[in-house]
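Undergrad: Produce the entire structure from the sequences given, and follow the hints as far as they go.
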Amino acid sequence: MSPTLNDYLLVSGLLFAIGFAGVLLRRNIIIIFMCLELMLNAANLSLVAFSRFNVGPNGLPNYNGQVFVFFIITVAAAEVAVGLAIIVALYRSRQTTHVEDINSLKF
Amino acid sequence: MFSPLFWFFAALTLAFGIGVVVNRNPVASALCLVISFMGLAALLVGLDAYLLAVLQVLVYAGAVMVLFLFIIMLLDLRAEARRKFNWLGIAGGGLVALGFVGELVFVISHNPAGNQKFPPLQARVEFEGFVHTGPIESADLAPPETTILLPKTSETAKLGAGEKVVEIVPVAGGKIDDVREIGREIFTNYNYPLQIVGVLLLVSTVGVIILSRRELK
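Chains A and B, in that order, give the protein sequences. Going by numbering that gives the first Met the number 0, 78 is the number at position 79 of the first sequence; the sequence numbering is gapless. Going by numbering that gives the first Met the number 0, 203 is the number at position 204 of the second sequence; the sequence numbering is gapless.
Some hints here could point you the wrong way.
Stated by the list, open to error - Footprint (simulated), chain B over chain A, 3 or more residues, beta carbon under 8 Å:
| hint | region |
| --- | --- |
| 1 | 28-42 |
| 2 | 47-55 |
What the hints assert, rightly or not - To give a feel for the contact side, a few chain B residues facing chain A, derived at Cβ under 8 Å:
| hint | residue |
| --- | --- |
| 3 | V19 |
| 4 | V33 |
| 5 | I34 |
| 6 | Y49 |
| 7 | L73 |
| 8 | I89 |
| 9 | A90 |
| 10 | G93 |
| 11 | K116 |
| 12 | F117 |
| 13 | D177 |
| 14 | V178 |
| 15 | E180 |
Hints were generated in silico from the structure; no laboratory data involved. Note that the structure is predicted; figures quoted are calculated from it, not measured. Glycine residues also receive a C-beta, built at the ideal position from the N, C-alpha and C atoms.
TA: Okay, structure coming up:
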């Protein structure tokens, strides 16, 4: 039997949970950033699954979801570039990528 | 998608996703993330989203991960030294993540609409000029792009000028031209967001250059 929509949603949700756990549990800022990417990709997978599930009257998938994923990939690429530049600037001034060492704003 | 392949790539994606979280060495984490993205691209192929699968590999596994590895190399990050565990933080984070998983399983198990299979794809094909409706083997009577998609009776008809035949035919997954469909959407309905994304990329480029100057003023 072929996989159903729920299978894809389960995989997507589990991937999101893994990324979520990584953001909450890890203390290395670069790995937190990677886990953010993982969460974005999990959302992409569920969007594409919904797009494929809703076959329109012309017999093709609903491409609105895929266009949305296209934009998410673009924005994520821009976000990675800016975020890594910020991390490099942070490393220059503090010599650390550990979030517990960066606590100037901590109450 | 053939089910064993789906489960294989799903397991690959999830296992290497866990690898990203549990690895102490940032380089190993980044390489795990590359494999996880590859598995995700395979899942997208299974959903007939070929353009996005290729973009996933090119943009994420290519560009973004090269950037990550480059920064890890630039900062010369080693495996994280073991620190005092913040048990409260770990328990809290794990609890929230597990709560999310529980909620996910609850929602999905109460979603009978999602238990249906993915509907088959069809294509709307317009023919002009010669229409050959025979089997594919006798394709020499008409241009090849009009012969493939109409496997009915074996006869050739000449259509008049301006006359069209429109057929809804089932189409195999690999024959979907999703590049054209997504391109049409992007340049018609989503043209304005596309321009905004272009500006966003420009702004992020300028921002990165300013952020990585030697002295931040």
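Undergrad: Now look at each hint and say whether the structure bears it out.
TA: Quick rundown of the hints versus the structure:
For the region 28-42 of chain A, the proposed coverage by chain B is satisfied: 8 residues have a C-beta within less than 8 Å of a C-beta in that chain, meeting the threshold of three. Using a Cβ-Cβ cut-off of 8 Å, 6 residues of the region 47-55 of chain A lie near chain B, which meets the minimum of three, so the contact claim holds. Checking B/V19 against chain A by beta carbon gives a least distance of about 6 Å; that is within 8 Å, so the hint holds. Given hint, B/V33 at the interface with chain A, is violated; its Cβ is 10 Å from that chain's nearest Cβ, farther than 8 Å.
Annotation: interface hint on B/I34 violated; nearest CB of chain A at approximately 12 Å, more than 8 Å. For B/Y49, the suggested interface contact is broken, since its CB lies about 10 Å from the closest CB of chain A, more than 8 Å. The interface hint given for B/L73 holds, since its Cβ lies 7 Å from the closest Cβ of chain A, which is under the 8 Å cut-off. A least Cβ separation of about 6 Å between B/I89 and chain A falls short of the 8 Å threshold, and the interface hint therefore holds.
Using the Cβ-Cβ criterion of 8 Å, the hint placing B/A90 at the interface with chain A is not satisfied: the shortest such distance is roughly 10 Å. The closest approach between the C-beta of B/G93 and any C-beta of chain A is roughly 7 Å, which is under the 8 Å cut-off, so the hint is satisfied. Taking 8 Å as the C-beta cut-off, the interface hint given for B/K116 holds, the closest approach to chain A being about 6 Å. Hint on B/F117 holds. Least Cβ distance to chain A is approximately 6 Å, under the 8 Å limit.
About 7 Å separates the beta-carbon of B/D177 from the nearest beta-carbon of chain A, less than 8 Å, and the hint is met. A hinted interface residue such as B/V178 counts as satisfied when its beta carbon comes closer than 8 Å to some beta carbon of chain A; here the least separation is about 10 Å, so the hint is violated. The interface hint given for B/E180 holds, since its Cβ lies 5 Å from the closest Cβ of chain A, which is under the 8 Å cut-off.
This entry does not satisfy hints 4, 5, 6, 9, 14, going by the numbered hints stated previously.
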